[in-house]
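If you read the protein sequences in the order shown, they are chains A and B.
What the first sequence shows, in numbering that gives the first Met the number 0, is residues 0 to 398, in sequence order.
What the second sequence shows, in numbering that gives the first Met the number 0, is residues 0 to 222, in sequence order.
It is worth saying that the hints were derived from the structure and are not from the lab.
It cannot be assumed that every hint is accurate.
Said to hold, decoys possible - Chain B regions said to be covered by chain A (calculated; three or more residues, Cβ under 8 Å):
1. 58-65
2. 95-108
Unchecked claim - 25 Å max Cα-Cα, derived DMTMM-like pairs, lysine to aspartate or glutamate:
3. Lys191(A) to Glu217(A)
4. Lys191(A) to Glu221(A)
5. Lys159(A) to Glu111(A)
6. Lys185(B) to Asp31(B)
7. Lys191(A) to Asp233(A)
8. Lys1(A) to Asp199(B)
9. Lys191(A) to Asp249(A)
10. Lys159(A) to Glu217(A)
11. Lys1(A) to Asp31(B)
12. Lys1(A) to Asp72(B)
13. Lys191(A) to Glu116(B)
14. Lys173(B) to Asp214(B)
15. Lys191(A) to Asp130(A)
16. Lys191(A) to Asp262(A)
17. Lys185(B) to Asp132(B)
18. Lys185(B) to Asp199(B)
19. Lys185(B) to Glu100(B)
20. Lys191(A) to Glu111(B)
21. Lys1(A) to Glu111(B)
22. Lys159(A) to Asp201(A)
23. Lys1(A) to Asp73(B)
Claimed, not checked - If the Cβ cut is set under 7 Å, some of the chain B residues that face chain A in the computed set are:
24. Arg80
25. Arg81
26. Phe86
27. Gln92
28. Glu111
29. Ala115
30. Asp172
31. His174
Just so it is clear, CB atoms sit at the ideal spot from N, CA and C, and this is done for glycine as well.
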Amino acid sequence: MKIRDRATFATSAIRSQPVRSTLTALGIGVGIAAVVLLLSLGAGLQRFVLNEFTQFGTNLLSVTPGRKTTFGMSGAMINAVRPLSLEDADAIAALPQVERVCPVVMGNVAVEGGGHTRRVMATCVGASMPDVWRFSVASGRFLPAGEERRARPLAVLGDKLWRELYGERSPLGEVVRVGGDRYRVIGVMEPKGQFLGVDLDDAIYVPVARGLELFDREGLMEVDVTFRAGASSDAVTAAVRRTLVARHGDDDCTITAQQQMLDVLGSVLSVLTFAVAALGGISLLVGGVGILTIMTIALGERTGEIGLLRALGATRAQVRWLFLGEAAALSVIGGVAGLALGGGAAFLLHVLVPALPVAVTPWHALLAVGVSLAIGLGAGVLPAVRAARLDPIEALRAE
Amino acid sequence: MIELHQVSRRFEVGGQVVHALREVDLVVARGDYVSLMGPSGSGKSTLLNVLGLLDRPSSGRYLFDGEDVTALDDDQQALVRRVRIGFVFQSFQLVPRLTTEQNVALPLVLAEVPLAERRERTAAQLQAFGLADRGHHLPDQLSGGQRQRAAIARATITRPDLLLADEPTGNLDKHTGDDVVQALEKLHDDGLTLIVVTHDQALGARAVRRLRMDDGRLEEGAA
């Protein structure tokens with residue numbers, strides 16, 4: 000029997016019981032819709048989080064003082080930790096694989112300028128920050144290199160801070176007060192947006208040596224390191240660790256490779272996405288049971304028809320495929336409807352809550368149809384085998 | 000074309016062995032018109048099922064056109080049924096959700112006959128059985144006589160050698176029954192081998208050759 004004829008036969012059977020078929024397909028449809036929606040939410044979330052992190056590049060590591068597990072608490076030896084110094088940063092910069100090093104201190108300050116005052120994040124960094132963070136200057140220039148120790152009071156404004164203080168006026172050459180000291184503005188950064196809730200545009204960028212004084216700190220909060228494209232993240236991590244152990248006499252710093260963090264984060268999010276989708280999958284199971292039930296009822300109702308087909312010369316295999324085909328068709332119809340439903344809901348969510356990242360990928364569509372096909376075939380096996388096993392004489396007698 | 004040698008069929012019903020066929024010998028020549036009569040439970044349906052390869056004899060040999068068909072497996076028997084044997088049932092056995100046209104074309108669908116040829120043969124068959132304007136109707140929109148004519152059209156669309164009819168007029172009134180009988184006899188006139196199981200004395204008497212079954216045994220000639 001040709002595929003086309005099987006399809007005609009299956010659809011004629013499905014159409015002959017429109018209400019029943021619709022309800023059965025709906026069972027699968029709801030399950031597929033739930034799975035598609037949850038998967039798209041998960042994938043969207045994953046994409047959002049990864050974008051947050053990769054905006055700084057992937058051949059990046061950060062060194063922070065104190066021994067920590069990846070996302071855990073500080074160790075008990077916190078008092079014995081030696082501060083991370085500018086000299087440590089220089090030593091790391093001298094490593095062959097290392098490209099650039101950016102020491103960082105941050106704190107909240109009041110900035111006065113252009114007749115306004117605004118509390119912002121003072122980000123105290125080295126001259127290499129634009130390269131390390133992939134963050135460029137829109138006008139003027141960034142903090143000069145070679146002044147890490149004895150830095151002149153120069154400042155670069157974030158895009159938002161500039162607009163808040165000066166409107167559209169150029170701030171270059173203006174003087175701002177930061178924590179009581181006078182700084183001359185030499186540049187404005189391009190807008191960059193937020194990173195994990197910190198607005199990089201509502202910030203002032205000053206030399207790191209100034210920052211240490213400003214916040215009265217002994218050591219740096221962080222040293223960001225970029226390495227050459229060919230170098231492996233693990234090798235560079237090890238080299239940096241050796242350097243610091245040699246200088247501090249103890250392994251008292253935490254080195255987090257961006258790549259490693261992305262990998263961990265990515266796999267955590269994938270597992271989470273699939274766990275949630277699997278919960279949605281339970282409703283698919285229920286839908287499958289629905290198909291099994293309906294096909295079993297259909298088997299009882301159409302016993303005579305099976306006998307007839309066998310008398311007309313249908314083989315057992317042909318009868319089996321007719322039933323399997325019908326179950327699969329029911330399920331796939333439900334699956335496609337569910338895909339439309341889930342995709343529609345995802346789209347609606349996207350329109351109503353633009354901040355919530357949802358994305359239905361072609362892969363989801365394929366998965367949804369594939370899964371519904373598999374469920375249909377799985378649920379159809381038992382009725383199909385029973386149909387094929389019927390004795391034609393008995394079947395013909397059942398009227 | 001049909002040779003039965005010492006064919007027996009036994010069933011086990013509730014621990015008791017029932018002899019539906021007892022060592023039946025039968026030869027039917029090509030083009031014969033045979034009626035098979037007898038009381039209920041005499042084994043005539045069983046004989047028809049054995050002849051139609053729907054049932055296997057417990058012992059004995061069945062030669063169909065010289066070939067021992069008892070030795071064939073399930074699928075091979077299905078193939079013989081598909082092409083060489085047609086069935087007509089008392090209850091018509093039309094698939095209720097398929098149109099007359101689709102019902103008549105079913106054997107060709109099973110045999111994977113190309114669509115164009117299928118359409119042509121189905122149309123010709125509907126024409127021949129006076130159903131040309133009923134092709135798109137569902138079985139429950141047809142009269143009893145039309146339904147049985149559609150069933151006969153279906154049974155003969157593969158141009159089989161043998162047509163087995165089980166009480167073909169059993170569900171019909173006298174007038175439409177005669178219609179159906181005429182359709183069957185016309186097929187016989189065209190060379191089809193026809194075996195009709197019936198309770199109806201009048202119908203049985205029309206056959207060229209009359210067989211009678213009683214308690215699993217076959218007797219010739221007694222009408």
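Evaluated hints:
1. For a cut-off of 8 Å, the count of residues in the stretch 58-65 of chain B with a CB near a CB of chain A stands at 0, and the three-residue condition is violated.
2. Residue count for the stretch 95-108 of chain B with a Cβ under 8 Å from a Cβ of chain A: 7. That meets the three needed, and the coverage hint holds.
3. Annotation: proposed proximity of Lys191(A) to Glu217(A) is violated, straight-line Cα distance about 30 Å (limit 25 Å).
4. Distance hint between Lys191(A) and Glu221(A) is fulfilled; the C-alpha atoms sit about 20 Å from each other, no more than 25 Å.
5. Of the supplied pair hints, the one linking Lys159(A) and Glu111(A) holds, its CA atoms being roughly 14 Å apart against a limit of 25 Å.
6. Proposed proximity of Lys185(B) and Asp31(B) is supported: the alpha carbons are some 13 Å apart, at most 25 Å.
7. About 29 Å separates the Cα atoms of Lys191(A) and Asp233(A), which puts this hinted pair outside 25 Å; it is violated.
8. A distance of roughly 41 Å separates the Cα atoms of Lys1(A) and Asp199(B); the hinted pair therefore is violated under the 25 Å criterion.
9. For the given pair, Lys191(A) sits about 37 Å from Asp249(A) by alpha-carbon distance, which is inconsistent with the 25 Å threshold.
10. Distance hint between Lys159(A) and Glu217(A) is unfulfilled; the C-alpha atoms sit about 30 Å from each other, more than 25 Å.
11. With a CA separation close to 35 Å, the supplied pair Lys1(A) and Asp31(B) exceeds the 25 Å bound.
12. Between the alpha carbons of Lys1(A) and Asp72(B) the distance comes to roughly 23 Å, so the proposed pair stays at or under 25 Å and holds.
13. Distance check on the hinted pair: Lys191(A) and Glu116(B) sit about 70 Å apart at the alpha-carbon level, beyond 25 Å; violated.
14. A distance of roughly 29 Å separates the Cα atoms of Lys173(B) and Asp214(B); the hinted pair therefore is violated under the 25 Å criterion.
15. For the hint pairing Lys191(A) with Asp130(A), the CA-to-CA distance comes to about 14 Å; that is within 25 Å, so the pair holds.
16. The straight-line distance between the Cα atoms of Lys191(A) and Asp262(A) is roughly 24 Å, inside the 25 Å bound, and the hint therefore holds.
17. A threshold of 25 Å between alpha carbons decides the hint, and for Lys185(B) with Asp132(B) the separation of about 21 Å falls inside it, so the pair holds.
18. Note on Lys185(B) and Asp199(B): the hinted pairing holds, with a Cα-Cα distance of about 19 Å set against a maximum of 25 Å.
19. For a cut-off of 25 Å, the pair hint linking Lys185(B) to Glu100(B) stands: about 21 Å separates their Cα positions.
20. Note on Lys191(A) and Glu111(B): the hinted pairing is violated, with a Cα-Cα distance of about 66 Å set against a maximum of 25 Å.
21. Taken as a hint, the Lys1(A) and Glu111(B) pair is honoured in the structure, with Cα atoms around 6 Å apart against an allowance of 25 Å.
22. A hinted pair counts as satisfied when its Cα atoms are at most 25 Å apart, and Lys159(A) with Asp201(A) qualifies at roughly 5 Å.
23. A threshold of 25 Å between alpha carbons decides the hint, and for Lys1(A) with Asp73(B) the separation of about 20 Å falls inside it, so the pair holds.
24. Because the beta carbon of Arg80(B) sits about 4 Å from the nearest beta carbon in chain A, less than 7 Å, this interface hint is met.
25. At about 2 Å, the closest approach between the beta carbon of Arg81(B) and any beta carbon in chain A falls short of 7 Å, and the interface hint on this residue holds.
26. At a threshold of 7 Å, the smallest CB-CB gap from Phe86(B) to chain A is about 5 Å, leaving the interface hint in force.
27. Against a cut-off of 7 Å between C-beta atoms, the interface hint on Gln92(B) holds, since the closest Cβ of chain A lies about 4 Å away.
28. For Glu111(B), the shortest C-beta to C-beta distance to chain A is roughly 6 Å, which falls under 7 Å, so the interface hint holds.
29. A distance limit of 7 Å between C-beta atoms decides the matter here; for Ala115(B) the minimum to chain A is near 13 Å, and the interface restraint is violated.
30. Violation of the interface hint for Asp172(B) is found here, the shortest Cβ-Cβ separation to chain A being roughly 20 Å, above the 7 Å cut-off.
31. The beta carbon of His174(B) comes no nearer than 24 Å to any beta carbon in chain A, farther than 7 Å, and the hint placing it at the interface is violated.
The structure is inconsistent with the numbered hints 1, 3, 7, 8, 9, 10, 11, 13, 14, 20, 29, 30 and 31, although it conforms to all the rest.
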